[in-house]
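Q: Spelled out, the chains give:
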Amino acid sequence: MYTQFFGNFLLSRGVITAEQLIEAIHEESKAHMKLGTLAIHAGYMTASEAENILIMQTHEDKRFGELAIQGGYMTKEQVDQLVKMQKPDYLLLGQILIDKGYLTMNEFENLIVDYQSENEIYDLDMVDEKKETVTEMLRNYCNFDNHPDAEKAIDYLYLLFNNLVRFIGEDFTALNPIPCPEYPTNYCICQKTHGENFSVTSAIDIDMNAAIAFASRYVHEEFDDFDEYVKASLEDFLNLHNGLYNVNLSNDFSLELSLDPPVVHHCDVLTLSKGAYLFPVVYPFGTVNFLFSFS
Amino acid sequence: MKLEDAKILIGDDSILARKQLKDVLTTFGGQNFFEAANGQEAIDKYIAEKPDVVFLDIVMPEKDGIFAVSEICKIDPDAYIIIVSSVGTQSQLKNAIEAGAKDFIQKPLHSEQIKAVLSAKFEGR
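Chains as they are written, first to last, in the working numbering: chain A, 1 to 295; chain B, 1001 to 1125.
Check the hints yourself; a few may be wrong.
Just so you have them, the derived chain A footprint on chain B, three or more residues with Cβ under 8 Å [as the list claims (entries may be wrong)]: (1) 1009-1021; (2) 1044-1056; (3) 1082-1089; (4) 1101-1110.
Capping the alpha-carbon separation at 25 Å, the derived lysine to any residue pairs in SDA-like fashion look like this [stated by the list, open to error]: (5) A/Lys84 x A/Gly36; (6) B/Lys1102 x A/Pro261; (7) A/Lys34 x A/Thr58; (8) A/Lys231 x B/Lys1063; (9) B/Lys1019 x A/Phe167; (10) B/Lys1019 x A/Ile16; (11) B/Lys1019 x A/Leu54; (12) A/Lys231 x B/Gln1040; (13) A/Lys130 x A/Asn163; (14) A/Lys274 x A/Phe285; (15) B/Lys1019 x A/Gly36; (16) B/Lys1050 x B/Ser1119; (17) B/Lys1094 x A/Phe198; (18) B/Lys1074 x B/Glu1062.
Just so you know, these hints were derived from the structure itself, not from any lab.
We put the beta carbon where it would ideally sit given N, CA and C, even for glycine.
Chain B on its own, in the form it takes in the complex (with noise of 0.2 Å):
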């Protein structure tokens, strides 16, 4: 699959942080952007538009980005999440990792991490 094809939601309390990484996954194709701003409503999304990649923070209102992913989980067992948090301590990866999360950014953001994390999943990044 391309990027240029997939549906991406993006779920961060930050509207800042949103555009930041629609901006950079814009520069690698991508265009179908869904957002949301905690936890729950990531879920919700999710159940509504079945994106092909999901990137979610950990800390925001609402429920935060460990449940949403363990919630996803159970509704999708192949949902392909990537957690972007700013908290990249080991017992967080491992909590994501563990929820179901396929990978970890830890901000600032770099491109260079978003095209690494992408390229297990999406054809020529």
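With the rest of the complex left out, here is chain A (with noise of 0.2 Å):
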């Protein structure tokens, strides 16, 4: 995840447009090797167990490499092995908008070295991301300071990211959260998980061409219009994100809460608690706005 913080990271030190980060992370993106397509290149693995692992990662909030040696499919020193020939994304980045002439040799080098102080990532060639570490990164993101929830909080945008780069894609940029009482609503889908004394009210909001990308991206399918089954993808993916939050919430805090189904608010203002945040994260077909509060 440092690559969509990197983006973030450069847009904020104003040395690119979105529209050059945008266009540079479809690249990288694209050039990305993943460990299962190593796994199978190796010899380590089937493509059936590689895509076996996938699913899994559907279900459970692991790495790769993490199931495929609990799978018993590779051992610990082979998935370091394929770990180590991958590049790290961000430098990837950084080589696309060198190449691009959007950034010089020299200030990604002086970029690169403030971007890892500031996170504290300490290895140049590290693309074994810690969730340690990423997590860190989450807390300077989010600056929640103060807040009794922060951990939990924490979590639940870690496994946001981490969703959306499984069910749509790691193209994307996460800009700075933005406090947010009240919202004005496009097309906006809204779900309540709460229980004793927790409760979380997240909500994805969106304009219609960039949610039917998210949703040709989530179910597989190419989608023309924005029609119900498009809605229905939005709902379905906050619903399952939420679903996978709780189970998280249950395993490792054994916190037992209710999800209510999701609804719906087009055009209107949405009204949160004063803990409240935007998150817009940007991808190449548009804005996807994510919102939340803890109470």
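Mind docking these for me? Both chains are given alone in their own frames, and the hints should help you get the complex.
A: Here it is, written out as structure tokens:
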């Protein structure tokens, strides 16, 4: 997830435009070599074994290598060897920006040093993203200091961004969160998750064209119109993500929450609690706005 | 019994989820489908159609899936109900089984899982 946040870092430094970033991210995702592909190529796994791991990843919040070791498909040494063969995606993104003439080699060198020191990424060649490092990055990104449920909120975001990578695609940049107690909706799906002492209100808001592209990626089917299936895809994604979050809360915190059915808001004002945030996520096809509040 | 001959009831508030499940079941031979968009509708359709197998989501408006399972099982203790949900927590699994569900599939759907679940009830799967 370093790449998704590296993009935001570059934007916040004002060194590239959003259009230049989107163009580079699109190319970067095409050049990215996945661990499963490397494992098949190395002869460690068959295509159907790799496919099984990808299916397991949709149910379990674990990395490919972790599940491959757990399933007895690869040893830890084999996974480490393949991980070393992957190029760190944010370096790849930088390379593309240099090739396109949007950044000079010198600028990039300085930026990468700043990015790594800001986020405590110590090894320049590190591609094996540690959950702790990404979580720390999320802490810097959100700045939820003093929020009583900061850790749960960070876990929520960590899962959300992972689910975006898994179900929609990794070619996105997460922009800085914005405090947002009230939100004027385009087409918005809102869902509440609640327990005894803890509740989450989450929403996904999107314009029609971006919704069609989002749904097409999610369902792996081409949609042309903003129809009931496209609308249902948005609900389905939010519901699936919140369902998986409930599973994580149950496993990690022994918290059992209930999920309400998703509710649609269209061109109205969504009123959230004081501690609500808007998380814009930019894909090449448009911006997806996520909102959530913890109470 | 063969899936080809079975009456299949799918209860999910998402039209997309119903379509996806129907598509997978069709590839396994299913052809006789009934649909419900909430728990109450699922109960009503069960009474009207007496399906051989029921797939139910948990989170639904009106009445949820767990409520629908227990109501259907009161009417027909032999009802063959499979819960299909994104909330695969231990407690939800326990609630579903206690209410009378025979199996639990966690979303997102994968055809192999559905095949495995169907093999317990239908021939040639």
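Q: Measure nothing beyond the straight line between the CA atoms of A/Lys274 and A/Phe285; if it is 25 Å or shorter, mark the hint as holding.
A: violated (31 Å)
Q: Between B/Lys1094 and A/Phe198, is the straight-line Cα distance small enough, at 25 Å or below?
A: Measuring from Cα to Cα gives roughly 22 Å; hence the hint holds.
Q: Does A/Pro261 lie within 25 Å of B/Lys1102 when you go C-alpha to C-alpha?
A: Roughly 24 Å separates the two Cα atoms, so the pair holds.
Q: Need the status of pair A/Lys231, B/Gln1040: alpha-carbon distance at most 25 Å?
A: holds (23 Å)
Q: Within 25 Å, alpha carbon to alpha carbon, are A/Lys84 and A/Gly36?
A: At roughly 14 Å apart (the allowed maximum being 25 Å), A/Gly36 and A/Lys84 satisfy the hint.
Q: Sort out whether A/Gly36 lies within 25 Å of B/Lys1019, counting only the CA atoms.
A: violated (30 Å)
Q: Just to make sure I understand the rule, a stretch counts as covered if three or more of its residues have a C-beta closer than 8 Å to a C-beta of the chain. Does the stretch 1082-1089 of chain B meet that for chain A?
A: Contact hint for the stretch 1082-1089 of chain B vs chain A: holds, 5 residues under 8 Å.
Q: Mind checking the alpha carbons of B/Lys1019 and A/Ile16 for me, to see if they're no more than 25 Å apart?
A: violated (43 Å)
Q: With a cut-off of 25 Å on the C-alpha distance, tell me whether B/Lys1050 and B/Ser1119 pass.
A: The given pair, whose Cα atoms are some 21 Å apart, holds under the 25 Å limit.
Q: Are 3 or more residues of the stretch 1044-1056 of chain B near chain A, judged by a Cβ distance of less than 8 Å?
A: Check failed, 0 qualifying residues.
Q: Given that the stretch 1009-1021 of chain B was listed as covered by chain A, double-check it with a C-beta distance under 8 Å for 3 or more residues.
A: holds (count 7)
Q: Holds or violated: A/Lys34 and A/Thr58, Cα atoms, limit 25 Å.
A: Since the Cα atoms of A/Lys34 and A/Thr58 sit roughly 16 Å apart, the hinted pair holds (cutoff 25 Å).
Figure legend: structure checked against the earlier numbered hints; hints not met, in rising order: 2, 10, 14 and 15.
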